[in-house]
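**Q** Spelled out, the chains give:
Protein chains: 2
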Amino acid sequence: MPRQFTKISLHEVDERVRLLAEKVYASALKEEETKNALSMFTVPEDCPIGLQQAKEWELRKEIEEQRSEESIKRSVNSNIVQITVEDYEQAAKALLTALFIREKYSRLAYHRFPRTTLPLCFISMATESCPVPSEGADPYSMEDLPQNLNYSLRMKDGIIYVYDNEDALKRDQPRSLPYPDLETFAIDMSHVLAMIADGPTKTYCHRRLNFLMSKFQLHEMLNEMAELKELKCVPHRDFYNVRKVDTHIHAAACMNQKHLLKFIQDTYKTEADRVVLEKNGKKLTLKQVFDNLKMDPYDLTVDSLDVHAGRQTFHRFDKFNSKYNPVGASELREIYLKSDNYINGEYFARLIKEVAHELEESKYQHAEPRLSIYGRATEEWENLSKWFIKQKLHSPNMRWIIQVPRIYDIFRSKKIVPNFAKMLENIFLPLFQATVNPQKHKEMHVFLKHVTGFDSVDDESKHSDHMFSYRSPKPEEWTTEENPPYTYYLFHMYANIMVLNNLRKERGLNTFQFRPHCGEAGSITHLVSAFLTADNISHGLNLKKSPVLQYLYYLTQVPIAMSPLSNNSLFLEYSKNPLREFLQKGLCVSLSTDDPLQFHYTKEALMEEYAIAAQLWKLSTCDVCEIARNSVLQSGLSHQEKKHFLGENYLQDGQEGNDIRRTNVAQIRMAYRHETLCNELKMVKLF
Amino acid sequence: MPRQFTKISLHEVDERVRLLAEKVYASALKEEETKNALSMFTVPEDCPIGLQQAKEWELRKEIEEQRSEESIKRSVNSNIVQITVEDYEQAAKALLTALFIREKYSRLAYHRFPRTTLPLCFISMATESCPVPSEGADPYSMEDLPQNLNYSLRMKDGIIYVYDNEDALKRDQPRSLPYPDLETFAIDMSHVLAMIADGPTKTYCHRRLNFLMSKFQLHEMLNEMAELKELKCVPHRDFYNVRKVDTHIHAAACMNQKHLLKFIQDTYKTEADRVVLEKNGKKLTLKQVFDNLKMDPYDLTVDSLDVHAGRQTFHRFDKFNSKYNPVGASELREIYLKSDNYINGEYFARLIKEVAHELEESKYQHAEPRLSIYGRATEEWENLSKWFIKQKLHSPNMRWIIQVPRIYDIFRSKKIVPNFAKMLENIFLPLFQATVNPQKHKEMHVFLKHVTGFDSVDDESKHSDHMFSYRSPKPEEWTTEENPPYTYYLFHMYANIMVLNNLRKERGLNTFQFRPHCGEAGSITHLVSAFLTADNISHGLNLKKSPVLQYLYYLTQVPIAMSPLSNNSLFLEYSKNPLREFLQKGLCVSLSTDDPLQFHYTKEALMEEYAIAAQLWKLSTCDVCEIARNSVLQSGLSHQEKKHFLGENYLQDGQEGNDIRRTNVAQIRMAYRHETLCNELKMVKLF
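From first to last, the protein sequence lines are chains A and B. Sequential numbering from 67 applies to the first sequence in the working numbering. Sequential numbering from 67 applies to the second sequence in the working numbering.
Derived from the structure by calculation, the hints contain no laboratory data. Check the hints yourself; a few may be wrong.
[Claimed, not checked] Here are the in silico distance ranges between beta carbons for each label pair: (1) B:Glu-639 to A:Ala-292: 21 to 27 Å; (2) A:Glu-639 to B:Asp-204: 33 to 39 Å; (3) B:Glu-639 to A:Arg-181: 36 to 42 Å.
[Unchecked claim] DMTMM-like mimics (lysine to aspartate or glutamate), calculated; alpha carbons at most 20 Å apart, straight line: (4) A:Lys-669 to B:Glu-424; (5) B:Lys-324 to A:Glu-426; (6) A:Lys-429 to B:Asp-365; (7) A:Lys-295 to B:Asp-362; (8) A:Lys-324 to B:Glu-397; (9) A:Lys-324 to B:Glu-424; (10) B:Lys-508 to B:Asp-204; (11) A:Lys-360 to B:Glu-296; (12) A:Lys-295 to B:Glu-420; (13) B:Lys-298 to A:Asp-357; (14) A:Lys-89 to A:Glu-78; (15) B:Lys-642 to A:Glu-639; (16) B:Lys-298 to A:Asp-362; (17) B:Lys-298 to A:Glu-397; (18) A:Lys-610 to A:Glu-647; (19) B:Lys-404 to B:Glu-420; (20) B:Lys-295 to A:Asp-372; (21) B:Lys-684 to A:Glu-639; (22) B:Lys-429 to A:Asp-365; (23) A:Lys-328 to B:Glu-427; (24) A:Lys-506 to A:Asp-230; (25) B:Lys-73 to B:Glu-169; (26) B:Lys-295 to A:Asp-362; (27) B:Lys-684 to B:Glu-290; (28) B:Lys-298 to A:Asp-372; (29) A:Lys-684 to B:Asp-372; (30) A:Lys-709 to A:Glu-722; (31) B:Lys-345 to B:Asp-357; (32) B:Lys-684 to A:Asp-372; (33) A:Lys-298 to B:Glu-397; (34) A:Lys-669 to B:Glu-426; (35) A:Lys-385 to B:Glu-290; (36) A:Lys-298 to B:Asp-357; (37) B:Lys-385 to A:Glu-290; (38) B:Lys-669 to A:Glu-426.
Think of the CB as a built atom: it goes at the ideal place given N, C-alpha and C, for glycine as much as any other residue.
Here chain A stands alone, though its shape is the one from the complex (with noise of 0.2 Å):
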């Protein structure tokens, strides 16, 4: 079966969903710009949507129907006032249609997707995505490259096009992979924009998770006790010795604010005369830094560093960001917190690995951080790539994300870039360079094999005024200072690691997992663009506010990681985070730090994150361990890997897949959650 992204075009599409698509773009941008909370998708937290409120929806739009000028000709039999047998089919339908959109931007990307949720696809979780060096061998070993491909590349509408040589680009003649299309995305994300405003499937969505509330509730009740049992048959495995990943955390943030002022200060002790700065053409040594900044580093304390969140920073993001800079000074940041300096990232990478000499201490916590690369320049990815290497970063507990943050704007602002593709291309170029060539881009090539995934990031109540369609302008017209709506951005980082991974298969080389910040905060559609092009995300508090979405997200079984100590701090008060919510229903939740130097007190972030969630919600053993289980599946660890930690069989469904003897997760809850799965999903194909 070649693999390719069908495209579709808006003329094929019948002129209803066409309409349909507008109206939904449309709404969304209006909610943007009115900041009107999303209302058109939301249902109240403790009212259901009543048959009236479905009521309502048809009747309005009926009238707007009417009102439009293309009205369509259909027949006007829609003035139902009751959610009838007829709703739920649509709304099933609705769903499934949901569910095979999901499916195939997956399947084209090498994403996981569950084999119980749509078996007649034949996906599994993907197996193999990073085949880290094995133990024993060099993890930097240059050795052995594969040869070079001499493909020719050119970056068309923000994607990279892969040719077989030069003739071939000139004949305009594409490898048969598949590139994704603005156009088609837009029709398929319309399906489900449309879907999670329609009033009988919310009102479907809405009784399907109250139903899978109170069914865990009642579930609690009858198997506490039995599942308990369980685990207190279960030798020598408890929480503390079953495998916990950080699924979300940042490299820059990864220590908590005691080490960085240790750090700082050993520094200072101990080299204090070394060059570690250059400013206006002028070099510094780290005595003349402090005495610039006129402090003595051994006087330093956690609040001179001044790094942790407090109550300044809720609701206010722009603050947070400065959060970064120790002392409130940039120069401390871009000494100690910055791959790419005077230094060559020494101390950030010293830093780092005392983190992850933490983790390995412990044996039983991985992490995995996130690096930045901009986009400024084509250069990141080979500073990244030697940074990487000389400074010997790979830790058996760590694996490697490259976060991208979403500043195109600020860039463009400084005549950094021309227009967005630009931008684009600094990104993904290199990457498609190194995988055609490894022979030239040797450490490019062996940093990749270390790299699991990439992430979105940048504050997300951010809005643009710009309304994403089909309509909107390829990346290389984009030259306004603007920023790209978040939809925008998610769709074309899909597209090159989705074109990337295709080509990077073929070679028989690692693939990456799309894996951005969503649903933090901001617009309901950032979830619906994560649905469709992510293997599984950061944060998704918003999903509280769409029953659809979370209904979804729960059927796909998309792996969410929440930090809501982070959530605390910024966006979201403790007791209203929705993680316990969601554990309960049967999403895919997973506990993160994101930032621990900014909102961590221990020395174990990641136990303290899972010691509060513990205590607040009383949570009991069996839930924290069904955590840490999906922590470990949400990761980029290896195949192997994921063997050794879960069991020979953790890809297969239910008690099946569940060794209990590592997981700690009791047969009862993984039989319960399958049974409760598969019973959803019966519901859903059954019309």
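Position chain B relative to chain A; hints supplied.
**A** Frame of chain A, contents of chain B only:
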């Protein structure tokens, strides 16, 4: 001035008070019987007491008084329907009376009383309660023991009386020491009891507390940044290196579950063939014990250990108590968590020393673990003292407190003691003997130097059918199997500690603080008893329910060791814990862990407690440092140590008493607290 406990007889008291006292005692009992949740003394959390309630109360009082046969002749012009200035005057007078009552009990017991509160009394925070062996000196030295005084001792009405010699004893002429009596205590209690049920006083206190709350919020808005700025300028001092005392922790649960598990496994690995238990006359090795229990310690996990509190313990103190038995096996508790067993408490001591070692490593953390004296037999003291010295338990980061469980009923039903007096004698007579003749009680004499206080412990929600009053039987007459009420326990513990302290002070020996568990659950009257008798308390949750008591605890700055994580597992959800509110109003609260074995997850239980409070309540650095400072003040650390940890002048009030370079508490905060307290006191004394 002779130190005397001035006796008041009921006959001397005017009839009105006598009547009121009886009524209040009766209603307190009724309240306990009906479990009708303290309605009489409480204020609904959200709706402030209006005029209506005060009016209602006035009317009810009037009606009751008219009904009463001993109706008092007094001008019945009290049909006031509004709270007038006179009411406030009355309330202020009553509050002042209460302050003087507490001052009397504190002074006599060498407890602490803030000089700000009643400056005329010239009572300062006690200076030197525990002259622990200075650095370098042998903490177990038995040289230079004080001479035998040859005093005679006899228990009378449950209180030890001291006589110069046998002759004086025969003549019943005790030494001139303050000996409290139940009748006077009951009368003093009744004043405060009457007050907490008095409508206008409730309204007055409620309003003042509301004002304190609003005032602090204003202070925070205005000065938060200024406080922070002050702290940033303090060199080398931050939250991590200010001194913190875990003011409430039980020795038998001072290690976390993982620690205990590892210890059990380690002992099994190295000492499996050691005889550790004698059961039914048969000596058992560690291996045999585990064989009998059919388990292999290697397979043991924190799940099978099952000492952690879970959802099952909420509102079930009985279930919680059983959590002290690892794997549900009392044998393991006997072997690992007892000081007086076949292996002379060696394992228990080693566990505690490991915890002490961690505190010493941390340098800035201290703890005040509780060791049990039960009152079953007189030898308990000798055994505990010998254990302490033989196992060399002294640590500079620990101070010891003796806890006495309120379980007379169990001993009586097992016929271990014939009456309550015997239990009291078992607890207190050895203390007096060791104080009179250290030569004969060398170990006890040495051990007592390390003890800084007494605690009264058990489930407060259990209640006694007996109504405490001046007519309660004397301890010698308390022969029923029924357990005496909380107040009865507290009075008799206080009385003996107070006499003992006076005796020890005469000899230049260290004195003890009475620091009962109080207000964790049960009747509000517990907090009245402790207001009179305690130097400081643990828990104090129920202060939430009585504005008058809360205000009195504020005015007298009674330190309260709070443990929100323990409460969260047992009595009160975290989000409902009043700690934050108490802190804001200015009550003297500290943070403590209670039982890390049952509640905490990480290696640093106290830091976990602080971290969660700081995270959940968004406490500022100044807030947490203020709590840490309170914990040092509350603790039994020596005057020398407090000077070292808080500053030379820590006994002074307000800013002068604070050395910001040591405490990291902003001077702005100190000034605010002091001014605010002075202001409240001025209002009380105005009338």
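**Q** Are the hints correct? Go through all of them and say.
**A** Status of the hints after comparison with the structure:
{"no.": "1", "hint": "B:Glu-639 to A:Ala-292: 21 to 27 Å", "verdict": "26 Å, holds"}
{"no.": "2", "hint": "A:Glu-639 to B:Asp-204: 33 to 39 Å", "verdict": "53 Å, violated"}
{"no.": "3", "hint": "B:Glu-639 to A:Arg-181: 36 to 42 Å", "verdict": "41 Å, holds"}
{"no.": "4", "hint": "A:Lys-669 to B:Glu-424", "verdict": "14 Å, holds"}
{"no.": "5", "hint": "B:Lys-324 to A:Glu-426", "verdict": "18 Å, holds"}
{"no.": "6", "hint": "A:Lys-429 to B:Asp-365", "verdict": "18 Å, holds"}
{"no.": "7", "hint": "A:Lys-295 to B:Asp-362", "verdict": "17 Å, holds"}
{"no.": "8", "hint": "A:Lys-324 to B:Glu-397", "verdict": "42 Å, violated"}
{"no.": "9", "hint": "A:Lys-324 to B:Glu-424", "verdict": "18 Å, holds"}
{"no.": "10", "hint": "B:Lys-508 to B:Asp-204", "verdict": "15 Å, holds"}
{"no.": "11", "hint": "A:Lys-360 to B:Glu-296", "verdict": "17 Å, holds"}
{"no.": "12", "hint": "A:Lys-295 to B:Glu-420", "verdict": "31 Å, violated"}
{"no.": "13", "hint": "B:Lys-298 to A:Asp-357", "verdict": "18 Å, holds"}
{"no.": "14", "hint": "A:Lys-89 to A:Glu-78", "verdict": "18 Å, holds"}
{"no.": "15", "hint": "B:Lys-642 to A:Glu-639", "verdict": "15 Å, holds"}
{"no.": "16", "hint": "B:Lys-298 to A:Asp-362", "verdict": "13 Å, holds"}
{"no.": "17", "hint": "B:Lys-298 to A:Glu-397", "verdict": "19 Å, holds"}
{"no.": "18", "hint": "A:Lys-610 to A:Glu-647", "verdict": "9 Å, holds"}
{"no.": "19", "hint": "B:Lys-404 to B:Glu-420", "verdict": "16 Å, holds"}
{"no.": "20", "hint": "B:Lys-295 to A:Asp-372", "verdict": "10 Å, holds"}
{"no.": "21", "hint": "B:Lys-684 to A:Glu-639", "verdict": "10 Å, holds"}
{"no.": "22", "hint": "B:Lys-429 to A:Asp-365", "verdict": "18 Å, holds"}
{"no.": "23", "hint": "A:Lys-328 to B:Glu-427", "verdict": "16 Å, holds"}
{"no.": "24", "hint": "A:Lys-506 to A:Asp-230", "verdict": "18 Å, holds"}
{"no.": "25", "hint": "B:Lys-73 to B:Glu-169", "verdict": "16 Å, holds"}
{"no.": "26", "hint": "B:Lys-295 to A:Asp-362", "verdict": "17 Å, holds"}
{"no.": "27", "hint": "B:Lys-684 to B:Glu-290", "verdict": "13 Å, holds"}
{"no.": "28", "hint": "B:Lys-298 to A:Asp-372", "verdict": "8 Å, holds"}
{"no.": "29", "hint": "A:Lys-684 to B:Asp-372", "verdict": "15 Å, holds"}
{"no.": "30", "hint": "A:Lys-709 to A:Glu-722", "verdict": "13 Å, holds"}
{"no.": "31", "hint": "B:Lys-345 to B:Asp-357", "verdict": "14 Å, holds"}
{"no.": "32", "hint": "B:Lys-684 to A:Asp-372", "verdict": "15 Å, holds"}
{"no.": "33", "hint": "A:Lys-298 to B:Glu-397", "verdict": "19 Å, holds"}
{"no.": "34", "hint": "A:Lys-669 to B:Glu-426", "verdict": "17 Å, holds"}
{"no.": "35", "hint": "A:Lys-385 to B:Glu-290", "verdict": "16 Å, holds"}
{"no.": "36", "hint": "A:Lys-298 to B:Asp-357", "verdict": "18 Å, holds"}
{"no.": "37", "hint": "B:Lys-385 to A:Glu-290", "verdict": "16 Å, holds"}
{"no.": "38", "hint": "B:Lys-669 to A:Glu-426", "verdict": "17 Å, holds"}
Going down the numbered hints, you'll see the structure goes against 2, 8, 12, while the others check out.
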